[in-house]
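Undergrad: Given next are the chains, with one letter for each unit.
2 protein chains.
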Amino acid sequence: MERVKPRTLSGFMELLPQRQVQMERMMEILRESYGLYGFTPLDTPIIESAEVLLAKGGGETEKQIYRFMKGDSDLALRFDLTVPLAKYVAANYSNLAFPFKRFQIGKVYRGERSQRGRFREFYQADIDVIGDSSLDIVNEAEIPSIIYRTFTQFGLKNFVIRVNNRKILNGFYDMLGLSDRSGDIMRTVDKLDKIGAEKVGLLLHDELDLSQDNVGDIVEFIAIKGGNTEVLEKLEEYRGKNALFDMGLDELTTVAKYLEAFGVPEDHFQIDLTIARGLDYYTGTVYETTLTDHPEIGSVCSGGRYDNLAEYYTDKKLPGVGISIGLTRLFYVLGEQGLLNDDMVTSPADVLVIPMVEDLTYPIAAATALREAGVRTQLYTEPKKVKQKFTYADKLGIPYAVIIGEDEAAAGTVSVKDLQTGEQQAMPPDVAARNIAAAIEERKHIPVIREK
Amino acid sequence: MERVKPRTLSGFMELLPQRQVQMERMMEILRESYGLYGFTPLDTPIIESAEVLLAKGGGETEKQIYRFMKGDSDLALRFDLTVPLAKYVAANYSNLAFPFKRFQIGKVYRGERSQRGRFREFYQADIDVIGDSSLDIVNEAEIPSIIYRTFTQFGLKNFVIRVNNRKILNGFYDMLGLSDRSGDIMRTVDKLDKIGAEKVGLLLHDELDLSQDNVGDIVEFIAIKGGNTEVLEKLEEYRGKNALFDMGLDELTTVAKYLEAFGVPEDHFQIDLTIARGLDYYTGTVYETTLTDHPEIGSVCSGGRYDNLAEYYTDKKLPGVGISIGLTRLFYVLGEQGLLNDDMVTSPADVLVIPMVEDLTYPIAAATALREAGVRTQLYTEPKKVKQKFTYADKLGIPYAVIIGEDEAAAGTVSVKDLQTGEQQAMPPDVAARNIAAAIEERKHIPVIREK
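Which chain is which? The protein sequence lines are R and F, in order. Heads up: the first sequence begins at 1 in my numbering, then just goes up one per residue. Heads up: the second sequence begins at 1 in my numbering, then just goes up one per residue.
No lab work stands behind these hints, which were simulated from the structure alone. Hints may be right or wrong, so weigh each one.
What the hints assert, rightly or not - If you want the footprint, here are the derived chain R segments under chain F, 3+ residues with CB under 8 Å:
(1) 2-15
(2) 20-26
(3) 336-344
(4) 390-397
To be verified - Heads up, simulated PhoX-like pairs for lysine-lysine below, C-alpha to C-alpha not over 25 Å straight-line:
(5) Lys63/F <-> Lys5/R
(6) Lys5/F <-> Lys63/R
(7) Lys70/F <-> Lys56/R
(8) Lys316/R <-> Lys241/F
(9) Lys317/R <-> Lys241/F
(10) Lys241/F <-> Lys225/F
(11) Lys385/F <-> Lys385/R
(12) Lys70/R <-> Lys317/F
(13) Lys316/F <-> Lys384/R
(14) Lys385/R <-> Lys56/F
For clarity, every value in this text was computed on a predicted model and none was experimentally measured. Just so you know, even glycine gets a beta-carbon here, dropped at the ideal spot from N, CA and C.
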């Protein structure tokens, strides 16, 4: 028979079992954590009508999109979870209660040029709160607390959620009479981390042709740094000059004020006036999240406030705030950095039941008892040598073996062997089930990420 | 602005929040249940190279496939989870321990003609055990126990896992000298439920041109019915005439023998000699699962034993046994039949925190305490009338409100209102958290399916 090489497309993540279990654990934490804040799960199709998906028009996105005909239908694969959410909310408006809080963890597709660490198929894990006509600012303070909780549950320690407010930026540029240039300016200021303040100043002057005064004001503004209280105090000095700025400052002050009550420690939250987010549609609070030991990775979780989620589908005004974790990329980076915790339980089973008797009725019943107690159990019945059976358990990292020979079967016991210590003890199946269930319960709390 | 109608393609399931929660619950049960038997989760790309995906060639499947070019790449969307598994096992053979037990719950794509209840994008929930060169028969007995447990956890009561063995069928037709006709015969016999034994006999004679003797033998064979012991006894009468038949009978006897130890009650398991499964690659035990009150739906969970999973990719012999739940279709049917249990918790939160004070620090801290206790909590801060806030909770089915006015804030308490009974009581936030956590714990066990 002619054979085809079994390959996976480049840019598509496909994990070995141990890694997959770690990925699943992260998804489980996401579902749990998002659920704890009252977000409801959503699942939308991966394929949509191209007309619907590209209602906004695409620019860069449109070039990357997977689009194809099936019969007479012009179809496309979703490239994010926001457009499908907009479609969903517009289509189901009358069936939803607002604020509508949903999370979605799903694959999205972008046919980017293949390069290391860039994916064409990747998971996003999104939360959004959608208001009907209006949406209270407190939602914008809650978002960082959700991300803080989620990341902490992952086991991450060294991360900072950086926050800014687009109204402050737009208001500030308006003060300088530069409203129509604000997009260009923000794109230049965005390079601050990479090239430094001096070069940003030069670019603003040389390339954007701003006056020396303007450049000075901008460089002074983006130089505002320090603790959150300190930054807010410095921003107060600009108050009273521009209504939009003042509104933004009020919002940012409110967001910062409530963070402690939301359980976010100050050192995980930082007001950063250089953050703007590329997307045009953010209108208030914006977020980026960086791993402090790995700034080179950039933001692993970003989002913000927008005023109009679904204007391409409905005349309802639907403001919202949301944030998105690029899960596949984050997982890839964690693996690269050696941060995935291989001490967590990644074995497919907690127990390998090894029968050494002819009639398997009793070993099978023992396996059933273990499962009834919530112990993940594999029954090994292949006709291999005993040593190979233990090698199998070892290869999969299964922590316990339950061995059943003629003696155990006659006595109505099983021999429980701790495969790490080598200790072995005979006991009735129900006692074995209870003991192992208690032991593995402890191991469930080992975090998926191990960071110093 | 010109607007696009926000529509979802026909043949694609997109659920409202309450239904989605029910679907998620079923997936959670599947992950839990499959995990309990030592299966490891797998996730493979939805897009594969068309060459890889269609290595086997397709027939009917190939016509339905979503296939398209992206740049120079000939791509296709997976149409099942078995071909990607074959690819995965062949590609990662040296990194896996065998028997390799994996489960996968994922979307697959078939561009079928759109009709009610048929989906173009649908979830399959598969388990497979793959052996290296050989695989013990006990795995074939374990599969029905996994399905029994899963369905029972769903809340289903009236279902039967029907089992047969292809070796018995092939051996029987070999006895009659009809080996080369067995495919045609099985397709005809498959109509038994619909048209009855007499008509099957006529078809066998008229269309397949079988002798009167052969037709008589076949009709007599497929008429074997009764309890499992009874059927096996009748089959014993055929023993000794054909080696393949005898092997199949041994296998079926073993499978039936161990079921009780695996925890499957006899009335949920039925040997049925008319089951053959269309797919050519099954070689031993085959399964179908029917909802006894809804036979018209056909099998909701099918599979079987195969000898060669990945022959198109590798010369390794990889026998296996697997079963697949057509989850989207099952869910759709359950909804149609009114079997989805709307008494289960489908609200996005257990508590709605309603602040009636200016400074939200205290209500936010109360919400944080509730979440710390594992209570899913929404904080409602929109400036609406009190009545509208309760309407919101009601619309979402949130069972408790935590109300915080000036009195509560001053006293360091919260007022917990049971929204079903209307009872309201003040208590400290940590007591509220404990009480509500205990109350919702009980509600978590309400099954997703309610069947009489």
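Undergrad: Run every hint past the structure and note whether it holds.
TA: Against the structure, the hints:
Given as covered by chain F, the segment 2-15 of chain R passes the check, having 11 residues with a CB less than 8 Å from a CB of that chain where 3 are the minimum. Under the rule that three or more residues need a Cβ within less than 8 Å of chain F, the assignment of the segment 20-26 of chain R holds, with 4 such residues. For the segment 336-344 of chain R, the stated coverage by chain F is violated: 0 residues have a C-beta nearer than 8 Å to a C-beta of that chain, whereas at least 3 were required. Residues of the segment 390-397 of chain R lying with their CB closer than 8 Å to a CB of chain F number 3, which satisfies the three-residue condition for coverage.
At most 25 Å may separate the alpha-carbon atoms for a hinted pair to count; Lys63/F and Lys5/R meet this at roughly 23 Å. Pair hint Lys5/F plus Lys63/R holds up; C-alpha atoms about 23 Å apart against a cutoff of 25 Å. Taken as a hint, the Lys70/F and Lys56/R pair is honoured in the structure, with Cα atoms around 22 Å apart against an allowance of 25 Å. A hinted pair counts as satisfied when its Cα atoms are at most 25 Å apart, and Lys316/R with Lys241/F does not qualify at roughly 76 Å.
Our distance criterion of 25 Å between C-alpha atoms is broken by Lys317/R and Lys241/F, whose separation comes to about 77 Å. Annotation: proposed proximity of Lys241/F to Lys225/F holds, straight-line Cα distance about 21 Å (limit 25 Å). Distance hint between Lys385/F and Lys385/R is unfulfilled; the C-alpha atoms sit about 73 Å from each other, more than 25 Å. Among the hinted pairs, Lys70/R with Lys317/F is inconsistent with the structure: their alpha-carbon atoms are about 37 Å apart, more than 25 Å.
Note on Lys316/F and Lys384/R: the hinted pairing holds, with a Cα-Cα distance of about 19 Å set against a maximum of 25 Å. Taken as a hint, the Lys385/R and Lys56/F pair is broken in the structure, with Cα atoms around 36 Å apart against an allowance of 25 Å.
When each numbered hint is compared with the structure, violations occur for hints 3, 8, 9, 11, 12, 14.
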